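Undergrad: For reference, the chains in residue letters:
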Amino acid sequence: MTTRSNTEWLAALRQRGQSHENAVKELRQLLRRAIFSFLSRKGSTNAAGPGYDHEDLAEDCAQETVLLIQSKLDQFRGDSQFTTWAYSIAIRVTLNELRRRRWRTSAIEVARLGDAMPHWPIDNPGPERSLEQQQAWAMLSELIETALTPLQRKALIAHAFQEMPLDLVAEWLGTNRNSLYKLIHDARKRLQAALLSRGVTHRELIAIFDTPRPERPYFEDGKESLFHRV
Amino acid sequence: MKRTEFGRLIDTIFASKAGEELSCSDYFERLPRYAELEATGEDAAARLPDVRHHMHQCPECEEVYLGLLEVVLAEKKSDASR
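From first to last, the protein sequence lines stand for chains A and B. Reminder that position 162 of the first sequence reads as 162 in this note's numbering, one-by-one numbering, no gaps. To convert, take the position in the second sequence, counting from 1, and add 1000; that gives this note's numbering.
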């Protein structure tokens, strides 16, 4: 397999003829290998779903990614390796497919989608829920009902609590991913303002629900560790 | 919803910035550079803070980053062993 510079990749994929065919074939092989390796490392034997193995899924996602790449060549910024850019699209396509499959097998009723706030969203909450937790959850539920617009509430519940993938929420609401992200961002800002106006802090809420900290914490000791809040 | 996901939701509520945030499309444009910086041991979060912020606020986008980083690191290891 040849090693191509960014310029060589772009030139080969833009022209016609045998060199174009060779570049497409090489790209598809690279992507298929990367996707297969990624799926294998994910560890789940049924990540691809029943009746579908990782090789089939890797092949399909590699094909789709090659088509996407050819339609997006003008969007390549050139501030990374071309292959890294191509891999980023491949991983995105693959994860989208896995999320769609997972969602298709979920048991959310269409009638409840985005409209019903879960009573208690946390699995294994422990042998006893403290009164403090119940009160905090009731307050959070109330703020989601009262502080958000109907559309913000629908989007947040469907995505955050009913685990509908973002792209599918966007399709369902007749919008696009960027607009949906903005909608959810605005919903979070409203919730943040509402919580702070009631004197509830981030540290306090985390402590009440005793939620485990992520491996790569964004907040440390109640303060933002890496970013300046505007 | 898992407890870790609920904790993340609370984090994202309090980490929301007052102004505009990077969209998912803008994030994906910058992500390849971010992953390469991270793979070479540079402080990608300090160099591209908007990208880091977006991936915190958008777990689906962070999942793409983690997958991409694995692929880039595997490629790097493979190149080094040749």
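Simulated from the structure, these hints should not be mistaken for lab results. Careful: at least some of the hints might be erroneous.
Okay, derived cross-link-like pairs now, DSS-like style, lysine-lysine, Cα gap no bigger than 25 Å in a straight line [stated by the list, open to error]:
1) K1017/B - K189/A
2) K42/A - K1017/B
3) K189/A - K1076/B
4) K25/A - K1002/B
5) K182/A - K1077/B
6) K154/A - K1002/B
7) K25/A - K1077/B
8) K182/A - K1076/B
9) K154/A - K182/A
10) K1017/B - K25/A
Every beta carbon over 12 Å from chain A, so not counted as near; a handful from chain B, in silico [claimed, not checked]:
11) G1041
12) A1080
13) S1081
As the structure is a computational prediction, the values presented were derived from the model and not from experiment. Cβ coordinates follow ideal geometry from the N, Cα and C atoms, glycine included.
Undergrad: Confirm or reject each hint.
TA: Right, here's what the structure says about each hint:
1. K1017/B - K189/A: holds, 7 Å
2. K42/A - K1017/B: violated, 32 Å
3. K189/A - K1076/B: Roughly 40 Å between the alpha carbons, so the hint for K189/A and K1076/B is violated.
4. K25/A - K1002/B: Violated. K25/A to K1002/B sits at ~42 Å, over the 25 Å cutoff.
5. K182/A - K1077/B: Distance ~38 Å between K182/A and K1077/B Cα, so the pair is violated.
6. K154/A - K1002/B: holds, 20 Å
7. K25/A - K1077/B: holds, 24 Å
8. K182/A - K1076/B: At roughly 35 Å apart (the allowed maximum being 25 Å), K1076/B and K182/A break the hint.
9. K154/A - K182/A: Within the cut-off at roughly 14 Å; holds.
10. K1017/B - K25/A: Since the Cα atoms of K1017/B and K25/A sit roughly 44 Å apart, the hinted pair is violated (cutoff 25 Å).
11. G1041: For G1041/B, whose nearest Cβ neighbour in chain A is about 16 Å away, the distance exceeds 12 Å, so it holds.
12. A1080: With a cut-off of 12 Å, A1080/B remains clear of chain A, as the shortest Cβ separation is near 14 Å.
13. S1081: holds, 15 Å
Against the hints set out earlier in the document, violations occur for numbers 2, 3, 4, 5, 8 and 10.
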